[in-house]
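Asks: Sequence:
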Amino acid sequence: MSATAGQAQGERSLAERLGLKQGQVVQEVGWDEDADDDLRDSIEELTGNELVDEDFEDVVDVVLLWWRDGDGDLFDALSGVVTNLSDGGQIWLLTPKAGRDGHVEPSDIGEDATTAGLSQTSSISAAPDWSGTRLVTPKARR
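Using full-length UniProt numbering, the first residue of the sequence shown is number 1, and each one after it goes up by one.
Treat the hints as calculated values from the structure; they're not laboratory data.
Errors might be hidden in some of the hints.
To be verified - Simulated DEER-style distance windows between Cβ atoms:
| # | residue 1 | residue 2 | range |
| --- | --- | --- | --- |
| 1 | 102 | 41 | 17 to 23 Å |
| 2 | 59 | 98 | 19 to 25 Å |
| 3 | 57 | 101 | 29 to 35 Å |
| 4 | 23 | 101 | 33 to 39 Å |
| 5 | 80 | 34 | 18 to 24 Å |
| 6 | 49 | 83 | 19 to 25 Å |
All values derive from a computational prediction rather than experimental measurement.
Every residue, glycine too, gets a C-beta built ideally from N, C-alpha and C.
With these hints in hand, go ahead and build the complete structure from the sequences.
Replies: Dropping the structure here:
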């Protein structure tokens, strides 16, 4: 079934489940061969924009951060990408689900996000092999 047919039957696309909207600029950081292409395609289709890479130097609405255990320091990565966010922007931290190579413990995500000045607002199954954690700057800092 195509994504369009599924949407006609009331199913939400992967990008809609992330709360993305038409016209948003989404920066993708940490892409590798294991990233979910269906999720990436869904984001581009819904927003009407191609994903921009980590070298993009303008403000973005959303950062899509693919992260695996062993990728380095999550605090540093979060601190680096938050500078590109527009007011009210969000980070979707995508990590391998439990039991998969590169899984990141939720407690580690919570600790590093808090240390980076971010609030965790929700977690979803973003794709078959990936969990998504939505991170935002606290309203007082926006």
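Asks: Any hints this thing doesn't respect? Which numbers, in order?
Replies: Going through the list in order, the structure violates hint 2 alone and respects the others.
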